[in-house]
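Enquirer: So the sequences go chain by chain: A and B.
FYI, the numbering used here numbers position 279 of the first sequence as 279, with every residue one higher than the one before it.
If you want the numbering used here, it's the 1-based position in the second sequence plus 1000.
Hints were generated in silico from the structure; no laboratory data involved.
A few of these clues could be false.
Every beta carbon over 10 angstroms from chain A, so not counted as near; a handful from chain B, in silico [said to hold, decoys possible]:
| id | residue |
| --- | --- |
| 1 | T1005 |
| 2 | V1011 |
| 3 | A1083 |
| 4 | T1086 |
| 5 | E1087 |
Under the rule of at most 25 angstroms between Cα atoms (straight-line distance), these lysine to any residue pairs were calculated in the SDA-like manner [unchecked claim]:
| id | chain 1 | residue 1 | chain 2 | residue 2 |
| --- | --- | --- | --- | --- |
| 6 | B | K1097 | A | N245 |
| 7 | A | K65 | B | T1074 |
| 8 | B | K1107 | A | I208 |
| 9 | A | K224 | A | G70 |
| 10 | A | K351 | B | D1037 |
| 11 | A | K65 | B | R1049 |
| 12 | B | K1107 | A | G215 |
| 13 | B | K1027 | A | H299 |
| 14 | B | K1107 | A | H299 |
| 15 | A | K95 | A | L140 |
| 16 | B | K1107 | A | E211 |
Note that beta-carbon positions come from the ideal geometry of N, C-alpha and C, so glycine has one too.
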Amino acid sequence: MTRYSAFAIAREAMRQHTGWQKAWASPEPKAHYDVVIVGAGGHGLATAYYLGKNFGITNVAIIEKGWLGGGNTGRNTTIIRSNYLQDPSAAIYEKARSLYETMSQDLNYNVMFSPRGVMMLAQTEHEVRGYKRTEMANKLQGVETRFIGPAEVKRLVPIMNIEGPRYPVLGALWQARGGTARHDAVAWGYARACSAMGMHVIQNCEVIGVESVGGQVSAVATTKGTIGCNKLGIVVAGHSGHLANMAGFRLPIESVALQAMVSEPIKPAMDVVVMANTVHGYMSQSDKGEMVIGGGADHFNNYTQRGSWQHIEETVRALIETFPMLSRLKMLRQWGGIVDMTGDRSPIISKTPLGNTFINCGWGTGGFKAIPGSGWAMAELIAKGEPGSLARDFSMFRFREGRFIDESVAAGVAH
Amino acid sequence: MLLLTCPCCGVSAEETEFTNGGEAHLKRFGPGSSDADYEAYMFARKNPRGVHFERWRHAYGCGKWFLMARDTMTLEVYGAYKAQTTEPPADIQAKIKARRPEWEGYK
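Next up, chain B with everything else stripped away, as it sits in the complex (with noise of 0.2 angstroms):
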């Protein structure tokens, strides 16, 4: 059972009260891109081991999406951080390698 906190209402809350949206920072592909962007957008998956950002909604919360830096060997909990944000906060980027020390980088 995860324990998380809303970067948005501030609220922490087990993870029964939101919801998973998938991979986060990926590119959109949609009408008029090739068949590979399409696939890669919709489709592929790092799937790593280890460091995951990773879409969240606060869906029985305040509602809103927010983005998370995540371990899925340890279930640890790096950092969250808004939406609208193109790449992991330099901050939540820092303390991931201060804590695993191999993580290539988010890319």
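Okay, chain A solo, but in the shape it has when bound (with noise of 0.2 angstroms):
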């Protein structure tokens, strides 16, 4: 793998970019792995990385049954943000925000992490006292956030309707160190990186079965044929239960679409990343200009990958009481992407039934901005076969003993 850096793009120039080489390798499965990965989006990608680099594994393969980061790695709206609630919870996402600041420089992939602020709305007086909680709470943490009042939100954001008749913005929780990076390059970049050390990424493959022995898995059936493994992660998200279910035990996991659409392209409007979740709608503008707007999830089962009209309606509708200028553009494209929500909306990462098998999962509505810090906890639980302080509290059989991480009710986040 050649590196890429402006001398590389200087050479390539002078020869009229013959040089440049695949990012990836595009390998025939092998009949063996130590580690076999199910899923090559930007989690499973990233557990192969620091797999290798933080513990020299690399005889490891990452499975993916579409093409990369095809699925919500690809369908999500790019936020990044670590303000959560519980200790948890802030400790992965402040070590993932971290991971992000300097990821272009670790995988040589720009991924245009933009750290551009990210703001959530408070329009309740309920939200007000939330969001002043968590800050007090990030403190504690070592997460830097800042309640602000409704003339910075102005300030920050002169697009920003501060007086709607419905929902007032009293203030709210800015994150200046949030923000937003490329989702496809993020998945691109751990793949070539991935690729650099050996591992093979292996795409349109699907795993239609499980092998198991006496409680470890043997091997993964595939389109491909069957490849055997010493360990098994199994990281595809809105698919786990479906891969839980060939693996024999059931998650505490149902799996529901979740919109995002974007607008025709307009000149710089707004430079932070907006999240409102009383009315429930985050905004942020692409460096293509287009405005990139998420609403909320439906609220049944379903693997489509396209959700229900009326919440592109609702999301729209609340966004325009607070950007009254987003009334005059035109959606460009909509999409849906499969989303698994657990119990308490808290992710999982953790051992299995299956004393080989180990499962990331449970990210639900915001997978992306954890995807660094969540492949350097599942590297850490598979290489040691133990999970690390960071994956600790997020076991699947958290449900069962009642220790909940709960960021549904007491942050107010948007799920």
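Build the complex from these two chains, which are given one at a time in their own frames, with help from the hints.
Expert: Quick look at the structure:
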């Protein structure tokens, strides 16, 4: 793998760009690997990358039924933040956010991380109290956030109407070091780095069965043949329940559709990320100029990667009061992804009933921001067989034990 | 957008008139049960790719709960039936089997 650099661009410019290599290899699967990761989205690829980087395990295959980053990694609204209320969540999301800061250098791949600041609007008295509490919790956790008043909100986002009749803006929780990154590039950057370490990234290879002997997985049956493994990592987001059924256990997870959309591109209008959880909409402007808009999830089980129309209407209706200029914008594209929702709306990074199988799932509506931290914690779990400090609280058995990580109620985050 | 027909009052309407109540035919385990049974009842879900039996409520209509068989891959509704039922009616199961021969049954 040749390194990307300013010199490489200059060199290729001199020879009509004929020297660029493929970013990653596309090998046929071997019969056996030390570790097989199912799912080459951001979380799966990050898991493989940190297995190699932190633990020297490189006899690894990452298998993907579709194409790289074609699932939720390519379908989210690319928001990165770590202003969570509960300590275990703040720890792993802050780890992820800090890894995003150096990811482009680390992977030698420009993921376009843009720490432009994330603003979570408080539009009810309850939200004001909730976010002031989160601000205090973040101080104790070492996460830099600040509660700001309506005047500062207006200064940061001049296009916002802070005096809406239904939901006036009473303040906001501001995380200056949050932001966005290019989601495809995160998947591609990790894939390229994994491939450079000798790992096999295998696309268009669907898992159709899990073979186990005496409580240990021995191989996965795929559309490209049977692939043996010493350890198996399942990192498949919306399809976690499906994979768990193949492996013979059930998860506290239901899969639902979550939608997003982008507008036609316009000149720079807003240079921060705004989340409005009371009215359930969040928005940022991409580098291309599109307004990237996300809304709420559907409420019924769904694997079709498309959602119900009324959620688009609700999201747009809610945002138009806060951003009146949006009413003149046409929407260009709309799409859905299948998100895996757990009972307490917090993720799972866990051992499973099968001894050598580990699962990373349940990120629900907020997985993109967690990718590097999640991969870091999952790699440690797979390499050592036991969770480290980041993953310890996210066991799938916490539901049996009543140790919920109750973000859905406490923080009022967009779920 | 799902178009559903309530088996209680017979009204057909868009999904916004209904609310989803999650997986149907769960066996309830309450106080005094083992942790594993309670977890299985309260949290663990089939979450299938394919035929799903689920609870719905005609919230902005007659207000009644009912049960429904729906495909999570195609959003096709195979049929709705009364909530006071311990397993899916034979005619709905037969209809599903005819549409999806590989279906392994509702257990």
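Enquirer: List in ascending order the numbers of the hints, as given earlier, that are violated by the structure.
Expert: none
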